[in-house]
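K.L.:
Here is what each chain is made of, one letter per residue.
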Amino acid sequence: MTHLLETKGLEIRFGGVVAADKITLQIDAGRNLAIIGPNGAGKTTFLNICAGWLKPAKGKVYFEGRDVTPLSPRQITRRGVARAFQIPQLFTEHTALENLLIAAAARDRLRNPIRALKDRRQRAEMMHLLDLIDCTDVAHRQVDELSKGQRKLIDIAVALALEPKLLLMDEPTSGVASSEKFDVMEILVKALAEAEVTAVFVVHDMGIVEKYADEVAVWNMGKLEMRGSPQDVLEHPDVIRDVIGEVA
Amino acid sequence: MRGGQISIRFIIPAVLLLLLAFVPFGAPGLQVLLTLALAKGIAVMGITVLLRSGQVAFGHALYFAIAAYGGAFTLMLMPGADLNVVFLLGLNVAVLSGVIVGLFAARYRFTFFAMLNLAFSMIFWSILEKFYHYTGGADGMRLPRPTVFWMELERGPYEILMFYLALGLALGLGWFSMRWLESPTGQLFRTIKTNETRLQYLGMSPQRVMLTGYVLSALLCGVGGIIMGLVQNVVTPEYAFWVRSGEMVFIAVLGGAGSVPGALVAAAIYEIVRTYASAFAGDIWQLVLGTFLLIIILFAPGGIAGIYNSVMDRIAGKKEEGE
Chain L
1 MTHLLETKGL
11 EIRFGGVVAA
21 DKITLQIDAG
31 RNLAIIGPNG
41 AGKTTFLNIC
51 AGWLKPAKGK
61 VYFEGRDVTP
71 LSPRQITRRG
81 VARAFQIPQL
91 FTEHTALENL
101 LIAAAARDRL
111 RNPIRALKDR
121 RQRAEMMHLL
131 DLIDCTDVAH
141 RQVDELSKGQ
151 RKLIDIAVAL
161 ALEPKLLLMD
171 EPTSGVASSE
181 KFDVMEILVK
191 ALAEAEVTAV
201 FVVHDMGIVE
211 KYADEVAVWN
221 MGKLEMRGSP
231 QDVLEHPDVI
241 RDVIGEVA
Chain H
1001 MRGGQISIRF
1011 IIPAVLLLLL
1021 AFVPFGAPGL
1031 QVLLTLALAK
1041 GIAVMGITVL
1051 LRSGQVAFGH
1061 ALYFAIAAYG
1071 GAFTLMLMPG
1081 ADLNVVFLLG
1091 LNVAVLSGVI
1101 VGLFAARYRF
1111 TFFAMLNLAF
1121 SMIFWSILEK
1131 FYHYTGGADG
1141 MRLPRPTVFW
1151 MELERGPYEI
1161 LMFYLALGLA
1171 LGLGWFSMRW
1181 LESPTGQLFR
1191 TIKTNETRLQ
1201 YLGMSPQRVM
1211 LTGYVLSALL
1221 CGVGGIIMGL
1231 VQNVVTPEYA
1241 FWVRSGEMVF
1251 IAVLGGAGSV
1261 PGALVAAAIY
1271 EIVRTYASAF
1281 AGDIWQLVLG
1291 TFLLIIILFA
1301 PGGIAGIYNS
1311 VMDRIAGKKE
1321 EGE
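Going line by line, the protein sequences match chains L and H. By my numbering, the letter at position 241 of the first sequence is numbered 241, and the numbering carries on one by one without gaps. Just add 1000 to the spot in the second sequence (first one is 1) and you have my numbering.
Do not take every clue at face value.
[Claimed, not checked] Covered stretches of chain L (chain H as the covering partner; in silico rule of three or more C-beta atoms under 8 Å from a C-beta of chain H): (1) 19-27; (2) 88-101.
[To be verified] Label pairs and their in silico Cβ distance ranges: (3) GLY1029/H with SER147/L: 41 to 51 Å; (4) GLU1182/H with THR92/L: 12 to 22 Å; (5) ASP1313/H with ASP134/L: 27 to 37 Å.
[Stated by the list, open to error] Straight-line Cα separation of at most 30 Å, DSSO-like style, residue types lysine-lysine; simulated pairs: (6) LYS58/L with LYS165/L; (7) LYS165/L with LYS1193/H; (8) LYS55/L with LYS1193/H.
If you're looking for bench data, these hints aren't it; they were derived computationally from the structure. C-beta atoms are modelled at their ideal positions from N, C-alpha and C, and glycine is treated no differently.
Kindly produce the complete structure, drawing on both the sequences and the hints.
P.N.:
Right, here's the structure in full:
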């Protein structure tokens, strides 16, 4: 069976720091994977390698069975891997809706270069996406006027507008007020399910891992130390000691 | 009242346009001056397009000169060539050069982008100066009047034709540029200013997006250059000199960085101020223009377009209050 994403023996170092140490992992479609681990464990590095931003010294990345290791982020995006960021990467001079429309235009590879951006069909499609993330009321506001939570959601919606098969998210709830975290995740998981997108997300909040992940992978010192269901992993004494930081 | 706002905002440009259309009959003394201003305005639209991506090109006089010299060589090799042929060949050379230089320039941003463009324009300027036997050196090349649909026109009708051609192209290309900037390609081009990283993660190549806008700006500068050459009947290396590039940036800022209609209006104001200031203020016309720019930067950074929009907003606001 072909996995959606597969990595084999990924290795990368930054000076003396080993950020990825023989990472071999398979991710199947429809199974949302949470990556947890202490700071500096190499979680974001893993996402950056999968997205093509970093090239591993050794190892391979396969997407839908094809080797994508030498490809650029642009080429990998076109294969169906989208990326959402810890700090939202948006077009700050544009409105929320325009950010999505630009993504949709990029997805359609600019078929008609002179057609107005606000094409009626695409506009309706993107308004639906904004509706899914509960942001229709801010559609016409410039993104730098929005709250952190809203910007996070728009950043993810921009990635979803590309109609990816896999979404790599770095800390989807960082910077979001604790009272809003679960609301943001509820909206997000609903949107992912409707779009039939598999997500890999780096996260520090164990409550979110427990509630929204199908599987959990534990990173430590650049190594994939453990993988399993949220219940099994979060109750493991090593995880409690090294990641959660409580005495078992 | 939305309709009210629209009418107020568009009546003034429409009236100005109407007056402009009657210049050859009502104020023939201004005709050549305004043709040159329109030519410069079209070239400045090229700078304006680039400014939307946050890049300032300090060497776009290169394309202004290349198109004009392209036209001059066409007329030298094919005496009596038709205006359409001169235009087509001149612009082709400018666009081709835009693609070649753009392949390098599109990889750089900000200072390096500006300086790389400047370097290319100065290389071309040196070639024009040094290859005297081909380019006429500092004396330049003549652009004898081309035929128009194989008809030889006298100076008067030819200049009227060039005026309307410049006006038509300014309006047509202005509309096209604004439309392009609002199109998906144009919007992607504008995002270079704010977030190239995201652009890559949308599956787009920032270099390719930049190149598209760069070639459009080269085309616009080329159109301006060829009109200028055909109206002045001569093209000199000064067309490619860095001062000319600086002048284009100056006018673009004056018009309102990024405003296409502002570029045309600013070019007209610049040309008129320059002509009359140099006639009446002798050697200090640069001082007059410099002060003018300083005032714009300090007190109206949105340029002429910004001033116009804020005045119109105020009028529309008062009208709404009255209702």
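K.L.:
Give a verdict on every hint.
P.N.:
Hints versus structure:
no. : hint                                : verdict
1   : 19-27                               : violated (count 0)
2   : 88-101                              : holds (count 8)
3   : GLY1029/H with SER147/L: 41 to 51 Å : violated, 60 Å
4   : GLU1182/H with THR92/L: 12 to 22 Å  : holds, 18 Å
5   : ASP1313/H with ASP134/L: 27 to 37 Å : holds, 33 Å
6   : LYS58/L with LYS165/L               : holds, 25 Å
7   : LYS165/L with LYS1193/H             : holds, 29 Å
8   : LYS55/L with LYS1193/H              : holds, 27 Å
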